[in-house]
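Colleague: One-letter residues, chain by chain:
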Amino acid sequence: MSAHHHEAVSVEEQFEFTSESKRQLAIGFGIGVVLVLIGAYLLANGGGGHEAAHGAAAHGAEHAHGAAGHHEYKWTTRLWANLWTNSIYFTGISVIGMFFICYNYLAQAGWSVVFKRIPEAMPAFLPVTGLLMLLTFFVAGHDMFHWTQEGITDPKSANYDAIIAGKSAFLNTPFYIIRLVIYFTLWYGLWRVLRSFSLKEDLEGGTEYYEKSIKFGVAFLVVFAITSSTAAWDFVMSIDTHWFSTMFGWYTLASWHVAGLAVMTLTVVTLKERGYLQAVNESHLHDLGKFCFAFTVFWTYVWFAQFLLIYYANLPEEAIYYRERFSGYGGIFKGPFFINIILNFFVPFLVLMTRDAKRTTRVLKVACWSIIVGHYFDFWNNVMPGTVGEHAGFGPVEFGFILMFATAFIWSVSTQLTKANLIPRNHPMLEESLHHDIA
Amino acid sequence: MHITSPVRTPLVTGGKTYADVTEDICRHVEGKPTKEWKVAFTISLLVLLYGAACVAWTWWEGLGVWGLNKTVGWAWDITNFVWWVGIGHAGTLISAVLLLFRQKWRTSINRAAEAMTIFAVLCAASFIVMHMGRPWLAYWALPLPNTFGSLWVNFNSPLVWDVFAISTYFSVSCLFWFVGLVPDLATIRDRAKNKVSKYIYGALSLGWNGSAKAWARYEYISLILAGLSTPLVLSVHTIVSMDFATSVIPGWHTTIFPPYFVAGAIFSGFAMVQTLMLVTRVVYKLEDYITLEHIESMNKIITLTGSIVGVAYLTEFFIAWYSGVEYETYAFVNRATGPYWWAYWAMMTCNVISPQLFWSRSIRRSVKWTFFISIIVNIGMWFERFVIIVTSLHRDYIPSSWAMFSPTMFDIGDYIFSFGFFFTCFFLFSKYLPVINMAEVKAIVKSSSEKLPKKVSGVAKGERVSAPTFNKDAQ
Amino acid sequence: MAESTGKFLVGVYDDDDVILEAVGKVKQAGVKIHEVYSPFAIHGMDVAIGHPRTRIGIAAFMFGVTGLACGLALILWTMGFDWPMIIGGKDPISFPNYVPVLFEMTVLFTAFGMTFTFFISNGFGPTVKPLLFDPRCTDNKFVMAIDLSKNKLSEAEIATVLKSSGAEEVSVKQV
Chain A
43 MSAHHHEAVS VEEQFEFTSE SKRQLAIGFG IGVVLVLIGA YLLANGGGGH
93 EAAHGAAAHG AEHAHGAAGH HEYKWTTRLW ANLWTNSIYF TGISVIGMFF
143 ICYNYLAQAG WSVVFKRIPE AMPAFLPVTG LLMLLTFFVA GHDMFHWTQE
193 GITDPKSANY DAIIAGKSAF LNTPFYIIRL VIYFTLWYGL WRVLRSFSLK
243 EDLEGGTEYY EKSIKFGVAF LVVFAITSST AAWDFVMSID THWFSTMFGW
293 YTLASWHVAG LAVMTLTVVT LKERGYLQAV NESHLHDLGK FCFAFTVFWT
343 YVWFAQFLLI YYANLPEEAI YYRERFSGYG GIFKGPFFIN IILNFFVPFL
393 VLMTRDAKRT TRVLKVACWS IIVGHYFDFW NNVMPGTVGE HAGFGPVEFG
443 FILMFATAFI WSVSTQLTKA NLIPRNHPML EESLHHDIA
Chain B
92 MHITSPVRTP LVTGGKTYAD VTEDICRHVE GKPTKEWKVA FTISLLVLLY
142 GAACVAWTWW EGLGVWGLNK TVGWAWDITN FVWWVGIGHA GTLISAVLLL
192 FRQKWRTSIN RAAEAMTIFA VLCAASFIVM HMGRPWLAYW ALPLPNTFGS
242 LWVNFNSPLV WDVFAISTYF SVSCLFWFVG LVPDLATIRD RAKNKVSKYI
292 YGALSLGWNG SAKAWARYEY ISLILAGLST PLVLSVHTIV SMDFATSVIP
342 GWHTTIFPPY FVAGAIFSGF AMVQTLMLVT RVVYKLEDYI TLEHIESMNK
392 IITLTGSIVG VAYLTEFFIA WYSGVEYETY AFVNRATGPY WWAYWAMMTC
442 NVISPQLFWS RSIRRSVKWT FFISIIVNIG MWFERFVIIV TSLHRDYIPS
492 SWAMFSPTMF DIGDYIFSFG FFFTCFFLFS KYLPVINMAE VKAIVKSSSE
542 KLPKKVSGVA KGERVSAPTF NKDAQ
Chain C
15 MAESTGKFLV GVYDDDDVIL EAVGKVKQAG VKIHEVYSPF AIHGMDVAIG
65 HPRTRIGIAA FMFGVTGLAC GLALILWTMG FDWPMIIGGK DPISFPNYVP
115 VLFEMTVLFT AFGMTFTFFI SNGFGPTVKP LLFDPRCTDN KFVMAIDLSK
165 NKLSEAEIAT VLKSSGAEEV SVKQV
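Residue numbers (the numbering used here), protein chains in the order written: chain A, 43 to 481; chain B, 92 to 566; chain C, 15 to 189.
Same shape as in the complex, but just chain A (with noise of 0.2 Å):
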């Protein structure tokens, strides 16, 4: 080849969680913690948030619904659905590392290689997603999805519903459970046998656990092309039991997808920015970049193509949807309806535009930072008009619980960094991606 320099970078590092990291994660929990529990105090006795307005409008949207027996609100309920919120984001997340992974691999890809090891470090959380969501199902279920309630496919009860009993083959307890535990059982355990080759192949070299974590990874992508619409529709569209689009699924899959890969590049760069990942050069954080452009604007393809369908032939059981969302409940949606847009579509294409920045790692934090806070509200407005209602909104319970998930979270992805060499280092594409180069 040729005789050009590249100054040689070692392959050799290992990342510290240092004490220090972990007094402030456990302190950024513990604020967590004592956030939420005001917050529960403030519920408990009426106040607190900014769900005070509770307009005839409001209840006209909730009658909406269908429902006869409608429960009588608790404000427990506005806790779990916060939990659930978070469970499914975070889950995303975590699972969106294993994909990335996974099509990396099934398209060869080379240049991937060099910050692999941060992919694959998150979805070590898939268990306490997982853990988390079984728990909030059993203990609030009926409180946050319309279809578990008592006598809903029964014709003799007062709270017959016939649509809903229509879809009971498919949202009843058993099944749902078990689906639950399929997906996470799956999804994690592919990822150990992932994370075993990857470990084995730093130890022992040779291209044998590649060929195999090809095969591991297209099996991963099967299972994934399913059950990431179908937890979907599990996790987040049936809460709108009646409401139903054929897009939610990949739609989901668009949001998980965008926040995981920006929360990957976040993490490189603050990685790079402490010292570590000295290997990630300009041409890979601008590949990052472009991922992260790319599929904000895939997102927005999909929330826009969805959208534009139901608005435009405007049928009763779909507009609902956006409906409630934009003028139900009193109107408390339309403002993050418009956030949603806002962080996940204008201020990253606007700030990843160019080359440059798509370079400047103080551009790609900002763009990062809208990406994820964005769609937080995206899994946000889609979760809370369904179970709380008129109830939502922004308080130190809805603070409290991004930063427990945030600081548990980086706690687990540091954890799972530490296992091992940064930069795998007998990966056989990992010269290629060492010499990265789109200038």
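In short, the hints are calculated from the structure, not lab data.
None of these values were measured; they are calculated from a predicted model.
Ideal Cβ placement from N, Cα and C applies to all residues, glycine included.
Check each hint, because a few of them may be wrong.
What the hints assert, rightly or not - Capping the alpha-carbon separation at 20 Å, the derived lysine to any residue pairs in SDA-like fashion look like this:
# : chain 1 : residue 1 : chain 2 : residue 2
1 : B       : Lys304    : C       : Gly71
2 : B       : Lys537    : C       : Val189
3 : C       : Lys104    : A       : Phe368
4 : C       : Lys104    : A       : Asn356
5 : A       : Lys407    : A       : Arg316
6 : B       : Lys123    : B       : Tyr523
7 : A       : Lys254    : B       : Lys195
8 : B       : Lys195    : A       : Arg316
9 : C       : Lys164    : C       : Val142
Unchecked claim - Anything over 12 Å on all C-beta distances counts as not near chain B; from chain A, calculated:
#  : residue
10 : Lys198
11 : Ser240
12 : Glu324
13 : Phe368
Go by the hints and put chains B and C onto chain A.
Modeller: Same frame as chain A, now just chains B and C:
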């Protein structure tokens, strides 16, 4: 410096030098047409003539010659339109998306795929013009002031969106294709022996001389056009899907249509590229450039997109049931078990099941299997559009207006026209323009060859061997 | 791009990596390179020669905004003011419905604008006679051109530099 990992499989075989690349591609442009080419071209010309006669009669007599009725107002015409537009997606996908993803294997197939795109879009457009019945009023589709005879076009209409999308896609694809051709046209210009071809290729190559500045701009403009074309490709079939999905017809109004149509389009487009490339490869002896690796990669994409389409079919079916909407559920049950059940199962077999055969490595590396499945896929994708259009229309809300559709010879003849037109164009292209992007293949020779010749520049063959002032290596 | 006229020294190279390295060596020897010609894009060549980075990207944004504005003006005027129509129960001006056309107009303007910017910045045209120092540069050879009038070193000295940098042939060409 560029490093290529040893686990990568080679994309160019036979130890090609740069001069070999030039020679292998250019000789088809420079040589006299072969007998096979003449025979094939004559056949496609005859098909075109027959088809043109059918189209002429369709216009002369009116659309009544088709098998349409009051209930089924769209059938083969729009099926063919969507089918061709779909096929027309692969070219830009290969060039643009694979360029953005830096997939090197695209270099051997992008030129022919882009050409195919352009011809396929023209075929698609021909059905729109046919469907107008009065093609001399086609300009009414443009936003012209009311005094031109029509009102302003209705910008709320997905059919108007289509006019903008297809014409933008067609013209931008032409630009992209032409920009990529310029350096290769210059190569042919500099090799040309007679004045006529020197003049023609000279004019077309616009004065290209391969300077570093020009190449830097070329690479830049390629990326920009690729970056524009990628969302453009998505938008075109998205908008085509909205011709159906904005309506309230059961089976048409479903939100997954935009991405699902795009995946289907890529699926059928890749299948068509496979079909054409497998033939071109043999006829032009290009096995060293279009290798089994290329075929395998394309087959993987066919399986991927076929599976995405499969997931979409299942999603639609599931949600139709889940929605609890009686009409929606019936539309899908009727597809699978109604009078057009055979179309539905043809679609399912060809589109969802057949590409799964490519999970077997030996099948996806078999030229015969690949050729066979590539044709099966396109049959399946035609049926997909037929199923969506005809089975949704023939039984909708009012049972008293239910009807069946059967094609007349003019439905068929007008479809045949598009084949004649497509292949006539493709044969002309493969004779007079380089079917492989020489410049881009040369750029990957070093990194992706199976074995490298001792001197990678090689010795230019042809005229310059006999005129050694130009080429001292020849001694 | 206006090509200068005069006496040029032309080095012909056999290998893209060799000429990329040669550019560095030749520049180091104090020779000003006019241009390098190659049959395909050599990654990093324009930077090695010292050409400024191409700035045609700025134009793209301008063309895009122009396309968007033209589309918006067309739709708003026709649908909203000249002949307002209520279709499908939507307001005469209903933005979600206009997004597809606005997008297409933006892309159309940008693509055409950028392609013509590309042609113009390269000085392209159907009647342009290309300046070819050696016609093999569109086939298999790599050509370095040195403008003798812009270099202080003598013809023979530069020829030695070129030879030692790996040029297979060196000749003088008057253009």
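Colleague: Are the hints correct? Go through all of them and say.
Modeller: Evaluation of the provided hints:
Straight-line distance between C-alpha atoms of Lys304/B and Gly71/C comes to about 15 Å, which keeps the hinted pair within the 20 Å bound. Under the criterion of a C-alpha separation no larger than 20 Å, the hint pairing Lys537/B with Val189/C is inconsistent with the structure, at around 33 Å. Note on Lys104/C and Phe368/A: the hinted pairing holds, with a Cα-Cα distance of about 17 Å set against a maximum of 20 Å. At roughly 10 Å between alpha-carbon atoms, Lys104/C and Asn356/A fall within 20 Å of each other, so this suggested pair holds.
For the suggested pair Lys407/A and Arg316/A, the alpha carbons sit about 14 Å apart, so the restraint of at most 20 Å is met. At most 20 Å may separate the alpha-carbon atoms for a hinted pair to count; Lys123/B and Tyr523/B meet this at roughly 10 Å. In summary, the hint linking Lys254/A to Lys195/B is not supported, as the alpha carbons are separated by about 24 Å, beyond the 20 Å threshold. With a C-alpha separation of about 35 Å, the suggested pair Lys195/B and Arg316/A falls outside the 20 Å cut-off, and the hint is violated.
Annotation: proposed proximity of Lys164/C to Val142/C is violated, straight-line Cα distance about 25 Å (limit 20 Å). For Lys198/A, the condition that its CB be more than 12 Å from all CB atoms of chain B holds, with the nearest at approximately 20 Å. Under the 12 Å C-beta cut-off, the non-interface status given to Ser240/A relative to chain B holds; the minimum distance is some 15 Å. At roughly 16 Å, the least C-beta separation between Glu324/A and chain B is larger than 12 Å, which holds for a residue marked as non-interface.
For Phe368/A, the shortest C-beta to C-beta distance to chain B comes to about 17 Å, beyond the 12 Å cut-off, and the non-interface label holds.
Figure legend: structure checked against the earlier numbered hints; hints not met, in rising order: 2, 7, 8, 9.
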